[in-house]
Amino acid sequence: MRAISDIRADFPILTRTVRNGKPLVYLDSAATSQRPQQVLDAVADFETHHNGAVQRGAHLLAEEATEAFEAARASVARLVNASEDREIVWTGNATAAINLVANGMANASAGVGGEESARFRVGPGDSIVVTQTEHHANFVPWQQLAARTGATLRWIEVDDLGHMRLDQLATVIDPTTKIVAFTHASNVTGLVTDVAPLVARAREVGALTFLDACQSVPHIPVDFQALDVDFAAFSGHKMLGPTGIGALWGRAALLDVLPPSLFGGGAIETVTLEETTWTAAPTRFEAGSQPVAQAVGMGAAAEYLMAMGMDQVAAHERRIAHILREGVSALPGVRLLGPVGDSEANDVLGLASVVVDGVHSHDVGQVLDDQGLAVRIGHHCNQPLHRRLGAQSSTRASAHVYTTEDEARLFVEILATVRPFFGMS
Amino acid sequence: MSDLEQMYQQVILDHAKVRHGSGLVTLDLPSVGESHQVNTTCGDDITVRVGLDDGKIASISWEGQGCSISQASASIVSELLEGADLRRADETMEAFIALMHHRGELLGDERDDLLDDATAFVGVGKYPARIKCALLSWVALRDAIARATVGTEGS
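Residue numbers (the working numbering), protein chains in the order written: chain F, 3 to 427; chain W, 11 to 165.
Just so you know, the hints here were simulated from the structure itself, not pulled from any lab data. Hints may contain errors.
As the list claims (entries may be wrong) - Straight line, CA to CA, 27 Å or less: simulated DSSO-like cross-link-like pairs of lysine-lysine: (1) LYS136(W) / LYS24(F); (2) LYS24(F) / LYS27(W); (3) LYS136(W) / LYS66(W); (4) LYS136(W) / LYS27(W).
Just chain W, with the same shape it has in the complex (with noise of 0.2 Å):
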């Protein structure tokens, strides 16, 4: 499997057509945030809501444009996370980024089991230009979740 191919993994490829938590979703939940985030590189943007409920998070929803990359990985965290309780979100986060930093390889302990589907994206680690793009929802749902926890909606 050349580099290019194990970037864009099969599994990568369906989540970018078939797009899970696209299209925001109004919540009537007592903790909603909301955060949007733009790639300076390419103007790629993403805005990611959450709604927080009994520290879990019960829904999550985006809407924005961009590259098969960023758009399978707001697919991605959304199905993986939807219904996480907010420490295994945050493990699960803090995986992801060690995943991207790690030069194209499986970070090889527990954390893989954590990431499941989202370890797909460890090819990305090989093109250092496309790290943001796999971490702009990623990035947009830690700073949701963030204000959802604060009480302040917005951008």
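Only chain F is shown next, with the shape it has when bound in the complex (with noise of 0.2 Å):
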């Protein structure tokens, strides 16, 4: 990988100061990542040159923008290598493309689509299946599909280090399951997960599943087709790209008969006034004007990681995951929710998010943010995980490749001092 200072150099907000005058250490990112210039620019160059009505229009600008809205789409899919570029479809954000995938199967369940569609379609008697350890975007959905439809919503446990119950598989997922939701790597403990097993579970009873790959796609080498799911959801602002965009996966033979929730111009095929007909994927869940200069921003994040290697970007934040974890563990009232983590039986994200003994991450926060550190604290949008972990909060610190390993060490440095700074030993 290049140099660490050379990547720094390409991130502008790195140079700015912050509370007090100190230097930015940015460990957030987990929450949002930092732009780097390549997809700033990218951005701008779009909007400066090329700015025209993606898919429509019989003029110059109208060409260049789809041809680099639709780049994008190539870059992104190349990244998590989609068989298809078209399996690439633009959402808002990772939220909308879960939502995407449970609003159709409810449209499906009240019969949109038809036969067609059938095997979208869950009801009473049917199940849907999550994890202990989803962020509300990956649980929320599920759950209220499951409301509207009558299914039953079941759950895979985690144990008191945050793994998934893979003893579970054989019962919680059985013939009545339509549909298995799970993440990839959870936001909470960093811990990735076994997908094959689910998979596989999955497939023996004809479940379909869907993959929350928001913290993966990011920072390790991630390949839909090896994984071998049926959906996945990232995000663009997650991963060095901008916010308002965000892609679903999904294989392109189940994209195309899924039903669109989100109905409107782009998406149809032919509309009279009794009936509409719906395109294929992508553009069947492109309804509305799209966020084009925000996908050709994703496009670009997605060159600059691989232009890097995704290989090179997970082993970087694996030894910043060492310092941070081993860290934080070495304290004495910090409490690390997860495994402190080996590259084997718990590889885990660079991050690490901690309880520290009578104070809550809100003041923990505090005193970083007064030495200059951002770190993301609360419930991260994952209260079950919290609860089962016996944590009301917590405070995360979490890096990306431009995350130094002295960066790691000042975290573990300033969070020792929250302890003495509250009046405790």
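Could you fit the two chains together into a complex? Lean on the hints.
What follows is the structure, given as structure tokens:
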């Protein structure tokens, strides 16, 4: 990989100072990452020179804009090894991608799409399976789908360290199961899921699989074909791209028969006063004006990451994970959520969520902020897992390509001052 | 004193530990109201119960979890307004909201006297993300009083 100083030079925001004139130590990348100049330039270049209505219009700008929009789709498709570019559907964010499938299934259940969409139907007697470690975005849409259709929501529990209880797969996933939705990597413990057994069990009973890849795609090599899942969601802003853009990946054969849930122009084949037929994926799901500049930015981010090499990115962040997790584990009165981690059984991302005994995460975050460290505090949109791990909330430091080993050490060092600041030994 | 030390004044740290009014009290009063508020940023929550008697706040008790700012704020408002008449309570609540939006400066008028110990939260005004923490119990109290006044109970 390029030298870290060289990589950091790509990210203009890292040179600014924050509270009390301290240099910014950005450790909140799992919430949102920073953007390199290459992404900022791609967005600005599009807006400055190529903006036009995509997929419509007969003028040069419309052609250039369409080309940029589709080239970005191809870049993102390559990053996650989609078998066709059209398997990437642009969505406003990852949450929208998850809702797209959940709402599509609700529509299928109401009869939309007819027999062609029958395999997406859920109803009384069926089950929808999630896990206890899901981000609310990959939990609430499925909970609501169950509520709307009369299906039962079930979940795979996690153990004291946050590992999914794979021993429960055989009982929780059964022939009533229509879809199994689970995360590829936890935004709290950082644990990377062993996808294969979940997919194997789902296939065995004929259930679909949905992977929340928000935390994995930006940080580790991800190949959706190899993972053998049916759908996956991820977002632009966590992978060095802009906000306002995310992607749904799905098998083309499935996407082409999933009923849309956002109806409008651009997604239709034929409209008569009586009925409407839809186009194939991806336009089927891309009704209305699209966030084109943002898509271009997400494409540039995919190219940036691929140029660096995702295996290199993962190796760098594993070193950061080691410093963070070993470091905080040695501090008195500090509890790491999840295992300390090693590269084998406990593969973890470059993050550490901690509970400081006797000090609320909001207060912990404030002391860190005073020293220029930006971290996430609260439940990280994951209340069920926090509850399971016996924590109301936690403080999370998370890395990306630009995070230095010194920054990880500084987090541990400042974290050690928190309890003394609040008068605890 | 750094901004951080100004926010976490000793009186706040003390109240975060002692927690005046903590633990919901069963009330046998004609007007009782309760309000549950959640800080969606962090999932912290508080339930405040008030009992009114003869135009005065006869009892304030609460239960909740949160950071030192929110816990100390609940403690201080309980101490400050228990026994107060509703008019003074309302003026004090208005003053506290004004203090929170005063960018880390005292209000500089008689409202500071009304706020008494609650002026310790002056430093919170410099941290917009923390204003919600400080206000949570005050918002719950105001809502609980409104519910008690119309004679409805619950949250």
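With the threshold set at 27 Å, check whether the alpha-carbon distance from LYS136(W) to LYS66(W) stays at or below it. 33 Å, violated
For the pair we were handed, LYS24(F) and LYS27(W), check the Cα-Cα distance against 27 Å. 31 Å, violated
Please work out if LYS136(W) and LYS24(F) have their alpha carbons no farther apart than 27 Å. 17 Å, holds
Against the 27 Å threshold, does the CA-CA distance of LYS136(W) and LYS27(W) hold or violate the hint? Holds - the C-alpha atoms of LYS27(W) and LYS136(W) are around 23 Å apart, at most 27 Å.
The earlier numbered hints that this structure contradicts are 2 and 3.
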